[in-house]
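Protein chains: 2
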Amino acid sequence: MSPILVVGSVALDTIQTPAGRRADALGGSAIYFSVAAHIYHPVRVVAVVGEDFPPVHREILNRPGIDLAGLQVAPGQTFRWEGVYGHDMNERTTVVTELNVFQQFHPVLPENYRRSGAVFLANIDPLLQEEVLDQLSDPWLVALDTMNYWINNRRQELLRVLRRVNLFLLNDSEARQLTGAENVLKAAEGIRMMGPSVVVIKRGEYGALARTEHGWFSIPAYPVEALVDPTGGGDSFAGGMLGSLARQESLDENCVRRAMAHGTAVASFAVEEFGVEGLMRLREPDVRARVRFLSQMTRFDPD
Amino acid sequence: MSPILVVGSVALDTIQTPAGRRADALGGSAIYFSVAAHIYHPVRVVAVVGEDFPPVHREILNRPGIDLAGLQVAPGQTFRWEGVYGHDMNERTTVVTELNVFQQFHPVLPENYRRSGAVFLANIDPLLQEEVLDQLSDPWLVALDTMNYWINNRRQELLRVLRRVNLFLLNDSEARQLTGAENVLKAAEGIRMMGPSVVVIKRGEYGALARTEHGWFSIPAYPVEALVDPTGGGDSFAGGMLGSLARQESLDENCVRRAMAHGTAVASFAVEEFGVEGLMRLREPDVRARVRFLSQMTRFDPD
Numbered sequence: 039m040s041p042i043l044v045v046g047s048v049a050l051d052t053i054q055t056p057a058g059r060r061a062d063a064l065g066g067s068a069i070y071f072s073v074a075a076h077i078y079h080p081v082r083v084v085a086v087v088g089e090d091f092p093p094v095h096r097e098i099l100n101r102p103g104i105d106l107a108g109l110q111v112a113p114g115q116t117f118r119w120e121g122v123y124g125h126d127m128n129e130r131t132t133v134v135t136e137l138n139v140f141q142q143f144h145p146v147l148p149e150n151y152r153r154s155g156a157v158f159l160a161n162i163d164p165l166l167q168e169e170v171l172d173q174l175s176d177p178w179l180v181a182l183d184t185m186n187y188w189i190n191n192r193r194q195e196l197l198r199v200l201r202r203v204n205l206f207l208l209n210d211s212e213a214r215q216l217t218g219a220e221n222v223l224k225a226a227e228g229i230r231m232m233g234p235s236v237v238v239i240k241r242g243e244y245g246a247l248a249r250t251e252h253g254w255f256s257i258p259a260y261p262v263e264a265l266v267d268p269t270g271g272g273d274s275f276a277g278g279m280l281g282s283l284a285r286q287e288s289l290d291e292n293c294v295r296r297a298m299a300h301g302t303a304v305a306s307f308a309v310e311e312f313g314v315e316g317l318m319r320l321r322e323p324d325v326r327a328r329v330r331f332l333s334q335m336t337r338f339d340p341d
Numbered sequence: 039m040s041p042i043l044v045v046g047s048v049a050l051d052t053i054q055t056p057a058g059r060r061a062d063a064l065g066g067s068a069i070y071f072s073v074a075a076h077i078y079h080p081v082r083v084v085a086v087v088g089e090d091f092p093p094v095h096r097e098i099l100n101r102p103g104i105d106l107a108g109l110q111v112a113p114g115q116t117f118r119w120e121g122v123y124g125h126d127m128n129e130r131t132t133v134v135t136e137l138n139v140f141q142q143f144h145p146v147l148p149e150n151y152r153r154s155g156a157v158f159l160a161n162i163d164p165l166l167q168e169e170v171l172d173q174l175s176d177p178w179l180v181a182l183d184t185m186n187y188w189i190n191n192r193r194q195e196l197l198r199v200l201r202r203v204n205l206f207l208l209n210d211s212e213a214r215q216l217t218g219a220e221n222v223l224k225a226a227e228g229i230r231m232m233g234p235s236v237v238v239i240k241r242g243e244y245g246a247l248a249r250t251e252h253g254w255f256s257i258p259a260y261p262v263e264a265l266v267d268p269t270g271g272g273d274s275f276a277g278g279m280l281g282s283l284a285r286q287e288s289l290d291e292n293c294v295r296r297a298m299a300h301g302t303a304v305a306s307f308a309v310e311e312f313g314v315e316g317l318m319r320l321r322e323p324d325v326r327a328r329v330r331f332l333s334q335m336t337r338f339d340p341d
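Respectively, the protein sequence lines represent chains A and B. When we follow this note's numbering, the leftmost residue of the first sequence carries the number 39, and every step to the right adds one. When we follow this note's numbering, the leftmost residue of the second sequence carries the number 39, and every step to the right adds one.
A hint or two may mislead.
Said to hold, decoys possible - Simulated pairs of lysine to any residue, SDA-like, Cα-Cα distance not exceeding 20 Å:
| # | chain 1 | residue 1 | chain 2 | residue 2 |
| --- | --- | --- | --- | --- |
| 1 | A | K224 | B | L265 |
| 2 | A | K224 | B | G242 |
| 3 | B | K224 | A | L265 |
| 4 | A | K224 | A | N186 |
| 5 | A | K224 | A | V262 |
| 6 | A | K224 | B | E311 |
| 7 | B | K224 | A | P56 |
| 8 | A | K224 | B | N128 |
| 9 | A | K224 | B | H125 |
| 10 | B | K224 | A | G124 |
| 11 | A | K224 | B | F331 |
| 12 | A | K224 | B | E310 |
| 13 | A | K224 | B | E263 |
| 14 | B | K224 | A | E263 |
| 15 | A | K224 | B | N186 |
| 16 | A | K224 | B | V262 |
| 17 | B | K224 | A | E310 |
| 18 | A | K224 | B | A264 |
| 19 | B | K224 | A | A57 |
| 20 | A | K224 | B | H144 |
| 21 | B | K224 | B | E263 |
| 22 | B | K224 | A | E311 |
| 23 | B | K224 | A | L200 |
| 24 | B | K224 | A | A264 |
| 25 | B | K224 | A | N186 |
| 26 | B | K224 | A | N100 |
| 27 | A | K224 | B | L106 |
| 28 | A | K224 | B | A57 |
| 29 | B | K224 | A | G242 |
Said to hold, decoys possible - Simulated restraints on C-beta separations:
| # | chain 1 | residue 1 | chain 2 | residue 2 | range |
| --- | --- | --- | --- | --- | --- |
| 30 | B | E287 | A | Y187 | 51 to 61 Å |
| 31 | A | M231 | B | Q110 | 49 to 59 Å |
| 32 | A | L197 | B | H125 | 19 to 29 Å |
| 33 | A | E149 | B | R130 | 55 to 65 Å |
| 34 | B | P56 | A | V133 | 31 to 41 Å |
Everything labelled a hint here was simulated from the structure, so no lab data went into it. Using N, Cα and C, we set each Cβ at its ideal position, and we do this for glycine too.
So here's chain A without its partners, still in its complex pose:
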C-alpha cells in the first residue's frame, strides 16, 4: 500500500519544562507525526523549512520510511516556536511563534504523492488542508487535526474540509467550541454529522475517547510517571494511530480501537523525553508491550 501522506509544520522548537530545556530542537506537527507513524508504515512529508534548517535535523530524518521529497526549502527562516511548561504540565505558555516561511506556504504534492491512500492533515490553515485534498485522487483515509484559532477564524473553510474527512482528532475544548455543545459527548456526536465517521477526543493525561458508528470507545493514557516534555503528544498519537490504520487498511471498529491503543502507546514514549528524542530510538516491540499493558490495565470481568 502507498505511504501515508502528512502535511503540517516543521519547526525549530525551544522548549522549557520542569525537566529541563532544549533550544532549536527539531519539532512541528509533521515531524512528530512522521517519526511516530514510520514505525508502522512509510510516510511522505509535505511541509516547508527555511534556508537556516540545520543539516543535522535533516540527517535525523534521513531514515528508511520517511520520504522528504515533498519538503520544500524556501528563502527565509524556518518556523519557530517557543513554549514553557509549568509544574502542571497540562498548562503551557507560548512565548514565541514566528511563522516565517510558513506564512507563504502552499503545499505542492510531488506527482507520485497524489495517489496516497491515507493522509494526515495536521493542524494548519483549513485552506491549505483543502489544497492538499484537491491534489489527491481518492484517498481511503483522510484524518484531520485543528485548533481553536481555525475554529474561530476559518470556520466555514474548516466545515468544508470536514465534509471530506473520515477521522477527526481534536480535544475537549475544541469539540465544544466547534459545536457549541457544553457536553463533550454531544459535541462528538454533533461533529460526526459534519462528515467524519470517527471522532477522537484527545484528553491528554486522561486518555482518548472515540465516537464511531458503533458507539463509544475509551482508552486511558499509558501511566507515564516521568513526564518530561508533553510537546508533540497529540501528533505522536495521530502518527501511531494512522500508522496502525494504514497497516490494517481499515477503519473498522476493531481496527480503530487497536489503532488508538497504538497511538496511546507511541505518545507515551514521545512525552518521556524532549522533542522527538523518545520516538527516535523507539522500536515496534516496545510499543507492542505498552499496547498489551493498556489492554491489561482496562480489562475487567463484568459478571
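We have chain A; now place chain B onto it with these hints.
Below, chain B without anything else, positioned relative to chain A:
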C-alpha cells in the same frame, strides 16, 4: 455477611444546576452512599440529623436494606448545604454550609453495629473517622473518603487513620495535596505507602484510576449525555463499589475492578437526576447493563 457500616453526613441540600433547582432535598455523603450501596448489600447508617429533619425524607429511606438505628436525632437544625453549578458542571460554587447539629456530632455505634465487616468512612473529620474505627472489632474492609480541608487542617489525624484503611478514594488534587507529588501516578503510589492497599483516584467525567498491589486499573466514566446534578457522584461511586465488594467479600484484583465498574455505573444513574432521585428507582439489572456497556466500551484486541 454483616451489613456495610457507613458514617458520614445527612444533609438538606439546595442545589442549582443548568437543569433546574431543588430546595432542601435529601442529601449528604451517608445518604448517597447508602442508597447506592443497598442495591447490592444491606447498609447501616451512622449519622446525625436535627429535629427539623422532614418525616418525608425518613420515609424515603425506609426501605429494606437501609438500617437507620444509628441515625441520631439531636436538638437543633440538620446540616445544610447549598451549591450552584455553572454550565461547566465540573465547577461548583458552595453558597451555604451550615454544619448545625453536625458540629457536635460524635458517632456512637449501636452494639450490633460493632461487628460490621465493611465500613465506609465518608468525608468527615478524621477524628470522627478514628472514633468509628475504635468502636469496630476487626472489619475486613475499611474504606475512606476525605477532602482538601482535612488534608490541610487534620493532617496528622488523617495519616493516623490511613494506616488502618485498606481502600482510599480521593480525587486528583487531593492526592497531589496529600503527597506533594505533582504527578498523580506517583501520588497514588505514595499513598499506598501510607496504609491503603488500594487507592482509587476519582476523576469525574474522566472516570477512575486505581493503584493496587498488581499495578494500574483504569475505567472511564459511563457516557452520560444529560448530566443533571453531579452532587453525590463520588459517594454513589463509593456506594456501588463497596456494595459490590461486600457481596464478593474480597479485595482481590478482579473483585476491585468489577466493583469499580459497578461504582461507575451506579454513579452515572445518580448524576442523571437531582439528588438521590435517580438512585431511588434504580434496580440491579439496570446497573448490570451499564457495567456490560463499560466492558464493551473499553475492550480492544491488542494484536
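Checked hints:
1. K224/A to L265/B: 11 Å, holds
2. K224/A to G242/B: 17 Å, holds
3. K224/B to L265/A: 11 Å, holds
4. K224/A to N186/A: 18 Å, holds
5. K224/A to V262/A: Violated - the C-alpha atoms of V262/A and K224/A are around 30 Å apart, more than 20 Å.
6. K224/A to E311/B: 18 Å, holds
7. K224/B to P56/A: Cα-Cα ~16 Å, so holds.
8. K224/A to N128/B: 16 Å, holds
9. K224/A to H125/B: 14 Å, holds
10. K224/B to G124/A: Distance ~18 Å between K224/B and G124/A Cα, so the pair holds.
11. K224/A to F331/B: 18 Å, holds
12. K224/A to E310/B: Holds - the C-alpha atoms of E310/B and K224/A are around 15 Å apart, at most 20 Å.
13. K224/A to E263/B: Holds. K224/A to E263/B sits at ~6 Å (cutoff 20 Å).
14. K224/B to E263/A: This hinted pair holds, its Cα atoms lying about 6 Å apart.
15. K224/A to N186/B: Status violated; Cα separation ~32 Å.
16. K224/A to V262/B: This hinted pair holds, its Cα atoms lying about 10 Å apart.
17. K224/B to E310/A: Holds. K224/B to E310/A sits at ~15 Å (cutoff 20 Å).
18. K224/A to A264/B: Roughly 9 Å between the alpha carbons, so the hint for K224/A and A264/B holds.
19. K224/B to A57/A: 16 Å, holds
20. K224/A to H144/B: 46 Å, violated
21. K224/B to E263/B: Between K224/B and E263/B the Cα gap is close to 32 Å, so the pair fails against 20 Å, i.e. violated.
22. K224/B to E311/A: Measuring from Cα to Cα gives roughly 18 Å; hence the hint holds.
23. K224/B to L200/A: With Cα atoms ~40 Å apart, K224/B and L200/A exceed 20 Å; violated.
24. K224/B to A264/A: 9 Å, holds
25. K224/B to N186/A: Given that 20 Å is the threshold and the Cα spacing comes to 32 Å, the pair is violated.
26. K224/B to N100/A: 38 Å, violated
27. K224/A to L106/B: With Cα atoms ~41 Å apart, K224/A and L106/B exceed 20 Å; violated.
28. K224/A to A57/B: The given pair, whose Cα atoms are some 16 Å apart, holds under the 20 Å limit.
29. K224/B to G242/A: 17 Å, holds
30. E287/B to Y187/A: 51 to 61 Å: Hint holds: Cβ distance 55 Å, inside 51 to 61 Å.
31. M231/A to Q110/B: 49 to 59 Å: 55 Å, holds
32. L197/A to H125/B: 19 to 29 Å: 24 Å, holds
33. E149/A to R130/B: 55 to 65 Å: 58 Å, holds
34. P56/B to V133/A: 31 to 41 Å: 37 Å, holds
The structure is inconsistent with the numbered hints 5, 15, 20, 21, 23, 25, 26, 27, although it conforms to all the rest.
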